[in-house]
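Student: Sequence:
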Amino acid sequence: MSHQINTYAKLIGLDLSRASRAELEAVHEEALSILPMNAPIFVGTEKLPLRQRIAGALRTFEIFEWRLGRTYRPRLRALKEMFRGRERCFVIGNGPSLNRTDLAMLKGEVTFAVNSFFLKAADLDWLPTFFVVEDHLVAEDRAPWIHALRGPTKLFPAYLGYCLNEAPDTIFFNHRPRVSYPDGFDFSTDAADVTYTGCTVTFTVLQLAHYLGFRKIHLLGVDADYVLPGDVAETSDYGVGVLDMKSNDPNHFHPDYFGKGFRWHDPQVDKMLEAYAEAEKVTRAMGRPIVNSGVGGKLEVFAREPFATVFPAARTPEAVEEANHKAAGRRPEGEGMIAPAELTALCRARLAREGRDGRALGLGWGGAVETGFPRLLVVDFTPIGGGSATGEIKDALLGHWPRAELMEISALGETLTVRGGALATPLQSPRERRADRVLAAAAAFAPDVVLYRPVAERPDLHRLLAEILSLHPAPVLTSFMDDWMLRLFGQSKPGFDAFDHGVRVLLEAAPFCLAISEPMGALLEARYGVPAVALANGIEPEVFAGVRQAAAEARKVAAEARKVAAEARKVAADAGGGLKVRYAGGLAGDMGLATLTNLAEAVERLAPRGATLEIKTSPYWMRTQGEAFAAWPATTVFSEEMTRAEYHAWLAGADVVVIAYNFDAASLAYVRHSLANKLPECLASGAALLAVGPAECATMMRLAGTGCGVRVTEDGVGPVAAALERLLDPSARAAVAAAQVEVAEREFALLPRREILRRALVAMAAFEPDPGTARRLADAVTAAAGRWQAMPASAPAFLPAFAG
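For my numbering, count along the sequence shown from 1 and bump the result up by 840.
Rather than coming from a laboratory, the hints here were simulated on the basis of the structure.
A few of these clues could be false.
As the list claims (entries may be wrong) - Quick list of in silico lysine-lysine cross-link-like pairs, DSBU-like style, CA-CA up to 35 Å: (1) LYS1420 x LYS1396; (2) LYS960 x LYS947; (3) LYS947 x LYS920; (4) LYS1166 x LYS1403; (5) LYS920 x LYS960; (6) LYS1138 x LYS1121; (7) LYS1166 x LYS960; (8) LYS1420 x LYS1456; (9) LYS920 x LYS1166; (10) LYS1138 x LYS1111; (11) LYS1333 x LYS1420; (12) LYS1056 x LYS920; (13) LYS1056 x LYS1121; (14) LYS1056 x LYS850; (15) LYS1456 x LYS1403; (16) LYS1456 x LYS920; (17) LYS920 x LYS1121; (18) LYS1403 x LYS1420.
As the list claims (entries may be wrong) - The following label-pair restraints were derived from C-beta to C-beta distances: (19) ARG1193 x ASN1005: 22 to 28 Å; (20) ALA1286 x THR1255: 36 to 42 Å; (21) ARG1055 x ALA849: 43 to 49 Å; (22) GLU1348 x GLU863: 39 to 45 Å.
We treat Cβ as the ideally placed atom computed from N, Cα and C, and that holds for glycine.
Could you build all of it, start to finish, from the sequences and the hints given here?
Tutor: Below you can see the structure in the form of structure tokens.
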């Protein structure tokens, strides 16, 4: 354990209730000594009581030491994926020119507001997207208003953790002194890693906005024009002058902005302009410029793009100014500054009118962050990872979860397996025995929340979950990947009744559940009356960029080898190198087997031109369905364990990757609402995607909506062969793949999906568990005993009324 952590552990346990002033000062100095940034400009001022400064310093240490990397950096990266590629945003300074700017035009735009912009709140019918403060004087003086503000996502330097609260709407980031001091400024292009000071909060915001990926950043109200009143009091305890205002503020849009009783730092305009010059140079070189769209002002570092050009419908500056003067004249004397409680009420009214229910960024972004990661127990038929589609999506979405806060119970084969938590090695229990050791491990883990995916193949998991909840009541988030309930209804009505009762017990008191797609979510809500959060698989764009690059280099090497071999044989080289088609997944008769055999026959027709088909599947499907492809020599069926990186490389090494669904009514009923787990990876692989299946499938509908991939919605060998014929052309494949990659990066980025799941689990963990759930679930299991046994292997016709 480091010296800082030892010191923290000692200080956090002290009882300071009777400490003298001298003792408190000594503890405060020791608390400051463990902070990574403890210069006076980054810590609490004497305006705060000593005990509050001590507690604040320890809280700041916690953020830097633990939560910055584990909680806040992933959330900032998730924001980047959410806003990647957006055309523009607006960074709003607070100069007097705002009173001549038609801010109504910004409704619906992505906006960054700073410091005391909330003083404008009563004049606007919109809320900023982001709110940023970096100055400790502003943070201390305006903390009640900052905490009262609702709606924007708040972005604060970690060193302000001593006076600004961790909250559901807040992300702290690693803001550091410039490394080029005193000779220059530094503009970070990776704000999740670090941002640098630049003598103005606007410079910080520009680094954040650039990191989030906007193609153009518009500045408003950044006037770079200051006049210090004659009665201002100035001190300089730490190099930068501290200004204490005695009268109204002439330098900002509102007289109370830094009005009487509020402190701020000497603006140092010359240094600001140097910092802005560095920002302009870096962003222009990267092709994502900053422009000044403000009305007037003295800032000429950035190219001008007039506000009236950006918004042709905007009112003139004169008209806006006149309206603001009239509004100011109607305010009663002494009531120019909104009170914190009024600010909260106003924000809530705005959010309610917009239907955002307190969320700045929509569903999945409104959970708590104080605990970061609740203690999570995953109960699922398949283990996390392991090569199965459901296992890999769990690995992707939970790959960042702290290992000590995660335990999983899986049930492959005849064995229950427990991993994670405090277990040094996996614990296994035969399926036919009482699972006492499994129950003991789960109860000792004491989860805050359970993530459970019920499946018809393992009704014993229902029973196990009931026993776990009887020992340790916890809220359960139930997840659905496909409509196995409908398939079960067709296979065995008694089996369906047995499972349906248990599922309804789990969902009757739950605030929401998880669904693989929006159509599946709508179906679940109609069937069970509980809303569903749609959450599918995702990809890490940076990872797949490297995978595609490696595959491209391998293709070049292969092409060169073919050229050398052709020269040796004195024949013309095959420029294309054939057509390598790859499919990964199951071979179930009620999912995709019939279409895959059509694919194999279509590939066989093109085998003389170098076409091959590789089918990677599980040992079970290899054993039970492998022979179905024996008639086509160009098709290879194999089972091989691969790491995720190996699997991605295998996909990227294909010319064409395949998603396949059958066209019969039973298969369509089962897969209609599911989104293929491998869809994001196929789109991002760099290989052309061939998707074959009914147009009504959620996967086919999603592809049609994005206009990417090659889609075959007619049954039979002929349509598939025709599509493959077109894909023999390398240039055609490249065009298809390029469009797919853009869609994958824009719509299937993994980090926002991880954050959606994390917040859903945090929200569920805060939900009070129903102590009767375990008993009712156990009763359902007991009542259903034997009714799910001996179900037929194939499904008869389904009831359309139940299918919806």
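Student: State for each hint whether it applies.
Tutor: Hints and how they fare:
Taking the CA atoms of LYS1420 and LYS1396, the gap is about 15 Å. The hint holds against a cut of 35 Å. For the given pair, LYS960 sits about 14 Å from LYS947 by alpha-carbon distance, which is consistent with the 35 Å threshold. Proposed proximity of LYS947 and LYS920 is supported: the alpha carbons are some 21 Å apart, at most 35 Å. Between the alpha carbons of LYS1166 and LYS1403 the distance comes to roughly 79 Å, so the proposed pair goes past 35 Å and is violated.
The hinted pair formed by LYS920 and LYS960 meets the criterion: a straight-line CA distance of about 27 Å does not exceed 35 Å. With a C-alpha separation of about 19 Å, the suggested pair LYS1138 and LYS1121 falls inside the 35 Å cut-off, and the hint holds. Between LYS1166 and LYS960 the CA atoms are separated by roughly 15 Å; this keeps the pair inside 35 Å, and the hint holds. Of the supplied pair hints, the one linking LYS1420 and LYS1456 holds, its CA atoms being roughly 13 Å apart against a limit of 35 Å.
Taking the CA atoms of LYS920 and LYS1166, the gap is about 41 Å. The hint is violated against a cut of 35 Å. Taking the CA atoms of LYS1138 and LYS1111, the gap is near 14 Å; set against the 35 Å cutoff, the hint holds. In summary, the hint linking LYS1333 to LYS1420 is not supported, as the alpha carbons are separated by about 44 Å, beyond the 35 Å threshold. The suggested pairing of LYS1056 with LYS920 holds, with an alpha-carbon distance near 15 Å, which does not exceed 35 Å.
A hinted pair counts as satisfied when its Cα atoms are at most 35 Å apart, and LYS1056 with LYS1121 qualifies at roughly 14 Å. With a C-alpha separation of about 49 Å, the suggested pair LYS1056 and LYS850 falls outside the 35 Å cut-off, and the hint is violated. The hinted pair formed by LYS1456 and LYS1403 meets the criterion: a straight-line CA distance of about 30 Å does not exceed 35 Å. The hinted pair formed by LYS1456 and LYS920 meets the criterion: a straight-line CA distance of about 34 Å does not exceed 35 Å.
Restraint check for LYS920 and LYS1121: the C-alpha separation of about 22 Å stays at or below 35 Å, so the hint holds. Restraint check for LYS1403 and LYS1420: satisfied, since their Cα atoms lie roughly 18 Å apart, inside the 35 Å limit. The hinted range of 22 to 28 Å is satisfied by ARG1193 and ASN1005, whose Cβ atoms lie roughly 26 Å apart. Distance hint for ALA1286 and THR1255: a CB-CB separation of about 24 Å, inconsistent with the stated range 36 to 42 Å.
In this structure the supplied range 43 to 49 Å holds for ARG1055 paired with ALA849, their Cβ-Cβ distance being about 47 Å. Take GLU1348 and GLU863: their Cβ atoms lie about 56 Å apart, and the range 39 to 45 Å is violated.
Figure legend: structure checked against the earlier numbered hints; hints not met, in rising order: 4, 9, 11, 14, 20, 22.
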